[in-house]
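Visitor: Residue numbers (full-length UniProt numbering), protein chains in the order written: chain A, 1 to 255; chain B, 1 to 643.
Simulated from the structure, these hints should not be mistaken for laboratory data.
Note that the Cβ used here is the ideal one computed from N, Cα and C, for glycine as well.
With a Cα cut of at most 20 Å, we get these calculated PhoX-like pairs of lysine-lysine: (1) A:115 with B:573; (2) B:568 with A:115; (3) B:567 with A:115; (4) B:259 with A:140; (5) A:140 with B:263; (6) A:212 with A:2; (7) B:265 with A:115; (8) A:79 with B:573; (9) B:567 with A:87; (10) B:265 with A:140; (11) B:473 with B:439; (12) B:334 with B:475; (13) B:563 with A:115.
Ranges of calculated distance between the beta carbons of each label pair, as one might list FRET restraints: (14) B:641 with A:114: 24 to 32 Å; (15) B:4 with A:114: 51 to 59 Å; (16) B:229 with A:114: 55 to 63 Å; (17) A:147 with B:568: 27 to 35 Å; (18) A:75 with B:203: 49 to 57 Å; (19) A:223 with B:19: 50 to 58 Å; (20) B:19 with A:19: 33 to 41 Å; (21) A:14 with B:614: 57 to 65 Å.
Taking beta-carbon pairs under 10 Å as the criterion, some of the chain A residues facing chain B (in silico): (22) 56; (23) 78; (24) 81; (25) 82; (26) 87; (27) 96; (28) 100; (29) 101.
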Amino acid sequence: MKTILQAKNVNKTFGTKGNQYTALNNINLSIEEGEFVGIMGPSGAGKSTLLNIFSTIDTPTSGEIIIDGHNIVTMNEEKLSDFRRNKLGFIFQDYNLLDTLTVKENILLPLALSKVPAAEIEQRVQEIADTFGIREILDKYPYHISGGQKQRAAASRAIVANPSLILADEPTGALDSKSATRLLESLSALNQANRSTIMMVTHDANAASYCKRVIFINDGRLFMELRKGDLSRKQFFGQILEVLATLGGEEHDAV
Amino acid sequence: MTLFKIAGKNIRNNFKNYFLYFASMIFSIVIYFTFVSLKYDHTIQSASDGSPKISSAFSGAAVVLIIFVAIFIWYSNSFFTRKRKKEVGLYSLLGVRKKQIGRMLFYENFLMGVLALLVGIALGTVLSRLFVMLLMNVMGYDAMPDFGISPAAILNTITVFLIITLITSVQGYRLIYRFKLIELFRADQEREKEPRSSVWIALLSVLLVGFGYWLALQNMLTSEAWKTIGVLVTPLVILVSVILGTYLLFNTLTVTLLKLARKRKRSYWRGLNLIGTSQLLYRMKGNARTLTIIAVLSATTLTAVGTAYSLYYNNRINVALANPNSYMFIGGDKAAVNKANQAIEQASGHKVIYHESVPLLEVDADITGLGQTTGSNEQTFTVISNHTFNKLAKLQGRNDVFSLQGSDAAVLEPGYMKGISPAYEGSTILLTGKGIHEKIHFTALKTYNVLNLGTVYSTLVVSDDLFAALQPKAKTMTAQAYEITHQDKAKELTKQLETILPETAGLASFYSDYARGMESTGLMIFMGGFLGLVFLAATGSIIYFKQLTEASSDKARYLILHKIGVKKSEIRKSVAKQVLFVFALPLAAGIAHCAVALSALSNLMMTSLVVPVVSCMGIYIGIYLVYYFLTVNSYYKIVTNVK
Numbered sequence: 001m002k003t004i005l006q007a008k009n010v011n012k013t014f015g016t017k018g019n020q021y022t023a024l025n026n027i028n029l030s031i032e033e034g035e036f037v038g039i040m041g042p043s044g045a046g047k048s049t050l051l052n053i054f055s056t057i058d059t060p061t062s063g064e065i066i067i068d069g070h071n072i073v074t075m076n077e078e079k080l081s082d083f084r085r086n087k088l089g090f091i092f093q094d095y096n097l098l099d100t101l102t103v104k105e106n107i108l109l110p111l112a113l114s115k116v117p118a119a120e121i122e123q124r125v126q127e128i129a130d131t132f133g134i135r136e137i138l139d140k141y142p143y144h145i146s147g148g149q150k151q152r153a154a155a156s157r158a159i160v161a162n163p164s165l166i167l168a169d170e171p172t173g174a175l176d177s178k179s180a181t182r183l184l185e186s187l188s189a190l191n192q193a194n195r196s197t198i199m200m201v202t203h204d205a206n207a208a209s210y211c212k213r214v215i216f217i218n219d220g221r222l223f224m225e226l227r228k229g230d231l232s233r234k235q236f237f238g239q240i241l242e243v244l245a246t247l248g249g250e251e252h253d254a255v
Numbered sequence: 001m002t003l004f005k006i007a008g009k010n011i012r013n014n015f016k017n018y019f020l021y022f023a024s025m026i027f028s029i030v031i032y033f034t035f036v037s038l039k040y041d042h043t044i045q046s047a048s049d050g051s052p053k054i055s056s057a058f059s060g061a062a063v064v065l066i067i068f069v070a071i072f073i074w075y076s077n078s079f080f081t082r083k084r085k086k087e088v089g090l091y092s093l094l095g096v097r098k099k100q101i102g103r104m105l106f107y108e109n110f111l112m113g114v115l116a117l118l119v120g121i122a123l124g125t126v127l128s129r130l131f132v133m134l135l136m137n138v139m140g141y142d143a144m145p146d147f148g149i150s151p152a153a154i155l156n157t158i159t160v161f162l163i164i165t166l167i168t169s170v171q172g173y174r175l176i177y178r179f180k181l182i183e184l185f186r187a188d189q190e191r192e193k194e195p196r197s198s199v200w201i202a203l204l205s206v207l208l209v210g211f212g213y214w215l216a217l218q219n220m221l222t223s224e225a226w227k228t229i230g231v232l233v234t235p236l237v238i239l240v241s242v243i244l245g246t247y248l249l250f251n252t253l254t255v256t257l258l259k260l261a262r263k264r265k266r267s268y269w270r271g272l273n274l275i276g277t278s279q280l281l282y283r284m285k286g287n288a289r290t291l292t293i294i295a296v297l298s299a300t301t302l303t304a305v306g307t308a309y310s311l312y313y314n315n316r317i318n319v320a321l322a323n324p325n326s327y328m329f330i331g332g333d334k335a336a337v338n339k340a341n342q343a344i345e346q347a348s349g350h351k352v353i354y355h356e357s358v359p360l361l362e363v364d365a366d367i368t369g370l371g372q373t374t375g376s377n378e379q380t381f382t383v384i385s386n387h388t389f390n391k392l393a394k395l396q397g398r399n400d401v402f403s404l405q406g407s408d409a410a411v412l413e414p415g416y417m418k419g420i421s422p423a424y425e426g427s428t429i430l431l432t433g434k435g436i437h438e439k440i441h442f443t444a445l446k447t448y449n450v451l452n453l454g455t456v457y458s459t460l461v462v463s464d465d466l467f468a469a470l471q472p473k474a475k476t477m478t479a480q481a482y483e484i485t486h487q488d489k490a491k492e493l494t495k496q497l498e499t500i501l502p503e504t505a506g507l508a509s510f511y512s513d514y515a516r517g518m519e520s521t522g523l524m525i526f527m528g529g530f531l532g533l534v535f536l537a538a539t540g541s542i543i544y545f546k547q548l549t550e551a552s553s554d555k556a557r558y559l560i561l562h563k564i565g566v567k568k569s570e571i572r573k574s575v576a577k578q579v580l581f582v583f584a585l586p587l588a589a590g591i592a593h594c595a596v597a598l599s600a601l602s603n604l605m606m607t608s609l610v611v612p613v614v615s616c617m618g619i620y621i622g623i624y625l626v627y628y629f630l631t632v633n634s635y636y637k638i639v640t641n642v643k
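One chain only, chain B, in its complex shape (with noise of 0.2 Å):
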């Protein structure tokens, strides 16, 4: 039999143990070669009229991939590769040589690596259809698309997998030569020792990690601390602070909370509590280093895909706050804007729901009144009257009516951010310009705008009168506003729209800024969903494989509790407890760093991301949950499989 066959043998019987792993190298090579097609793929390349974000967008998507694919192979092969030091001592004991055992287990790693790229093409060409199709979808394009099979996609996954299954086979190879065959048969003997736990360490991982959330959710431009440490510097002090810090609470609190577990006798000394505390405490210390990767790892997929989530989510919404008008431009030219004018009332499919012709004034001003530090202290404004307002306002939807006397004026920032823009309630400024004097007093803000912020200024709502005294002396001009019906789909009117009115018009559509944050936010969920697909299925496997490996060497264990009158139903509940606190303490840590990262964006934003974000999680958990069914269930069989 030669070496090559006894590999192949290898494959086969140890399929099982094998199989989570084959099957996440083939998920990675699938997605892999997606991002690969679509770098190449000319059908989106041309429905997103040439831009080259979304080719470089799939490059750098790919290269993050490569990386992690890498590390996820290494780390499982050598997981492997010391499942089996038993069998390689083996081998060793009866004389096969060292070159030969290396031999064999690069075969047998190259083989897995081989079928898994062969299947992951395979099942690669016909899902990035399916994925295309998904991507299309989710940036708003309808062009169907007619995607061909890339030989150069196939050329680029094929030699980057081999080179990366290549590299890891040789470390199979190199493995064996560290062996000492003593080592090779005491693997499983070897004693875990009581670890230790301090107090104080355990304490400071706490202090660590809120440290870390502290610095987070401050106010990033008022804050001292981050004036103090540098804004550059702060986000990394976060996350040194915060991964340190769970590094630490794995290590040592939890080990800490277990020795408390087991003085509480009432609770330790009742049914298996007491074996499922003990193993755990063994084996945390040994475990600290991978669960810190995976409440990291699950922390950074989480906050990508909830960023991305968020930001598609919240799309229409932020299109619709810079856009309350379907559409607004400046009439300059009669001719153009009546052509315009017949253009969206004649447009099939949409109906005008109001169209408003909205006199403008803008005016310079002086605003050393509002206090800032920073910047000029001029700035152009556009203007608008009370009685403008209110019918805009009504028109929108909203319930806001002003009543404006004399000076008073109200200012409209959808961009306001407390702290950082001016005061502007009770300030005073004036306005200026070629026969201009006004003082004007701001008795009111609003974080919306009537007006489509594409077309016109800050804008300023002042008094019907003072607006009626501005008007012969600032620049005057009369805005079109129309709202019609379905705007998101506006495609056809808008580009007619584009070309009817000139430059200066300035145009703004809510369906252009629409179309345009589908298309980038579409690209960012549809990369950070499949990262993250990716980034969950490699976790979810390593914890699988590691508790596994327990499983093998808790075997013994097992069976004299089986010997002594446990029940294979007792059995099977404490393994679930156990194992749940393995999977649980990651995701926890996970979930409350995203948590964290999360609202700190969220003040950021602006905006309330609970929707996206907790859909996100949901998500996230519900497939995790698939593997800690799967992980209970591989280990209770192997526990009790008595002979």
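Just chain A, same shape as in the assembly (with noise of 0.2 Å):
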């Protein structure tokens, strides 16, 4: 199986000398082609940090990050540019659409961005309403929307241009129970249906559940990584409970 995403001894601290602040400690994390990754951990671990350098937003102290065979850390801010617009997809907690444009002109905003003709990316953007289920609010803007459809949009300008790795920052963090259902049902459907690569930071347990896996880090190190395997959802979301009964201090949030 293809590795998407390699980190290698992954580094980041901030401040200045004497007054260091260590976010990311030695990580060390792969993630294969398909895989539905889930990551976990209290406030302040180091999720948004690590998902900041997967993103290729934030550079890591020192480390190796390889994205379908980049290495991201060498390359230069245009290049990176780039790489986020062919390779990555993001959905994040606020959703992040732009007002001036149309949920449609949302969505294919990846597309457009590079280039493709405009025959395609009719066919692209109907193929992904279809799949989020939001064909019927596709010309209308994102402020007469509601939240989990805005969530979808987002979603659906995510994995529009097909990216190597889609990176979800919380994207349950501002819905609802059922609209949060609704998005990641989309999500694993997607990742099931098209195998798409999904890597998501969540303190959710719920969210965290639809995952196949799930990775938890604490003081910036991995502490430890559960396997949904062959578990019903709801097994799944107990055994990550637990987990995050041990890690402490999170019993509130997971609830």
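Take the two lone chains and join them into the complex the hints point to.
Guide: Right, here's the structure in full:
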């Protein structure tokens, strides 16, 4: 199986000498093609830092990160932009849809940036819209639709260009449970059907239970990992809660 | 920490934002100060022989300047206050009283005003010397000014600007009371609505502008439209029609065009066109008013400066048309003529190129044959012979040669206007007078004269035979015509001749007309130029501020774009395109309006204004471009500055 993401000895420290704070401490991690990986951990554990580094928005202090065969640590700014555009898809907690564009235009933006022909764009958008069930809101503007619809639109944008890796940062954070379930089911279905590789940072055990594998980090280190295997989602959810309990301080968030 | 100190700190920290406003304000103060100084200045007054023209011209210009500067400061000030809605909201939330916030804003604005005033006056005292020298230069004076600092000018400037600053400061204070806390926080979140557009209104805008243009380009004396609407009302109709059309153009036509662009998926769905077009579309309606103001201001500035420069530029041509000879006078008194002749021949620095004694006749005529509907049917003409004309024309470098026979005649009419002046060619008039009854027939028309206009009447050229026949009966005289080198510098000689020759000699000199023209058009170009620069600085600043506010509210959008992999170079390109649209639209409209206004003017003046107008536009566009690049740069910096 092909390895999509490979992180070797990734360290990240903030601050200057004498007042240093280690956000990530020697992280080693690999994600295979077609995986749906959840990253969990208490606040301040380094989840977001890790995601930012994988997103190429932030750079590690040391270590190596290879995504789809490209070492992103050595790339310059312009190349990184191209890389983000071609290889990565993002889903953010606060949607990050552009309010001057319709839902459809938001979704097709990555394709437009890559200068894909208009006919092909049209076809892609229709396919994706069906996957996420947002066909009827395509011509609306973001401020006319609900949070759940916004997040599904954002997810559509993330995958429209067939990225090697989809990075989701607390995608259900601002959604009610029904919308959250719908989004997670869509992502899960996408993962199953298209073998899309998804990495999702969350502190919601329910969201994490949709993943095939959950990695826990604490104080900037890998703490442990769980694989769903043949477990039902409910059983997996139970296991996740247990780990969170041992991590401590996260029970409240998990409920 | 006192409110005053906070205000000071705010200015220091916000100085980058304030800089352009500050600079524009200082510039306005410097110009105002210079104008007021010139009003009080004695050197110029004495150089212009005490003509009250300059002083009153500068007073008038100063008033225009005050009104404009007051509006500009008012606008920028409310702009800055609105921009800081959030900050004000935060203060409010922290429990600072509105009164205190208002006072803080008042102090801030007042401090800025006083600071600008101090710098402006300091710079003004230095620069106004330079400007006076410039003015003397364009007006053709060579007296070096001993230019002292006028306390009256300083006092005047301080008073005027303190009042403006006070008023705008109070305005800032009052603005706070009109805000509601919830609005203050939502300031940036207010959703801009998708603008509607109507094809009909878009069409109407084009029609309105077109109608205005058409009306302006009509010959104002012969046009039916002008007659119907009324000569005095028509310019107003043109103005209203064009301004309204421009507003609707920006308001609707641009939106319609942008929407059309959005329909063309192949180009719209390509790169950042998606972002640029949609953002422009959203902003266009809100911007329409500002863009209209800028277009109108640009048009006004360009037209005024263009006109002033055209007059200045054409001064020599016009003066040469009126004075084909450096000097011309009618010799009645032999002694005076000899003395004048001597003076001209001995003048240092000037050589005589030619000297001609020109025999003239003064003849009355019945001009019923010309078919003029207005005015008297009697007119006095100066008559010269075919031979004299040919000789003078050759001396003056013209290639025209007449060979008039019998009753054929030619008319020399430098002020000829097609459609207004009588159609001379083919018509017949009757020369009358004691013993004179000659029908003459016009076969030719020249739009220049070979005699100086100040000395003679409208001039006819008749055949040598007819001239000889008229000579014994008509009033005859001899005019002296001189051409000298360096005629535009003949100040001393001209003065001398003016004292030698009696009033009745009708001395017409190139120099005195030239100097008078330089004086008035120089004054115009000086004032037009500086007022134009102030207008330009202000319009540039207005667009700059407006774009920067938009940049701040676009920041989040560009951050998203950055995250999903848009390169900085692409962002820069997109920003440059968007800002170009906003800058180019009003400029294009302004230039178009100005071009129409000036071609109407050029029709009226019958001279080609292409060179002076194009050079004015070139300078204007050049400075405008500087503002454009400044804006693109700042915009780009704001939207790419992630943290």
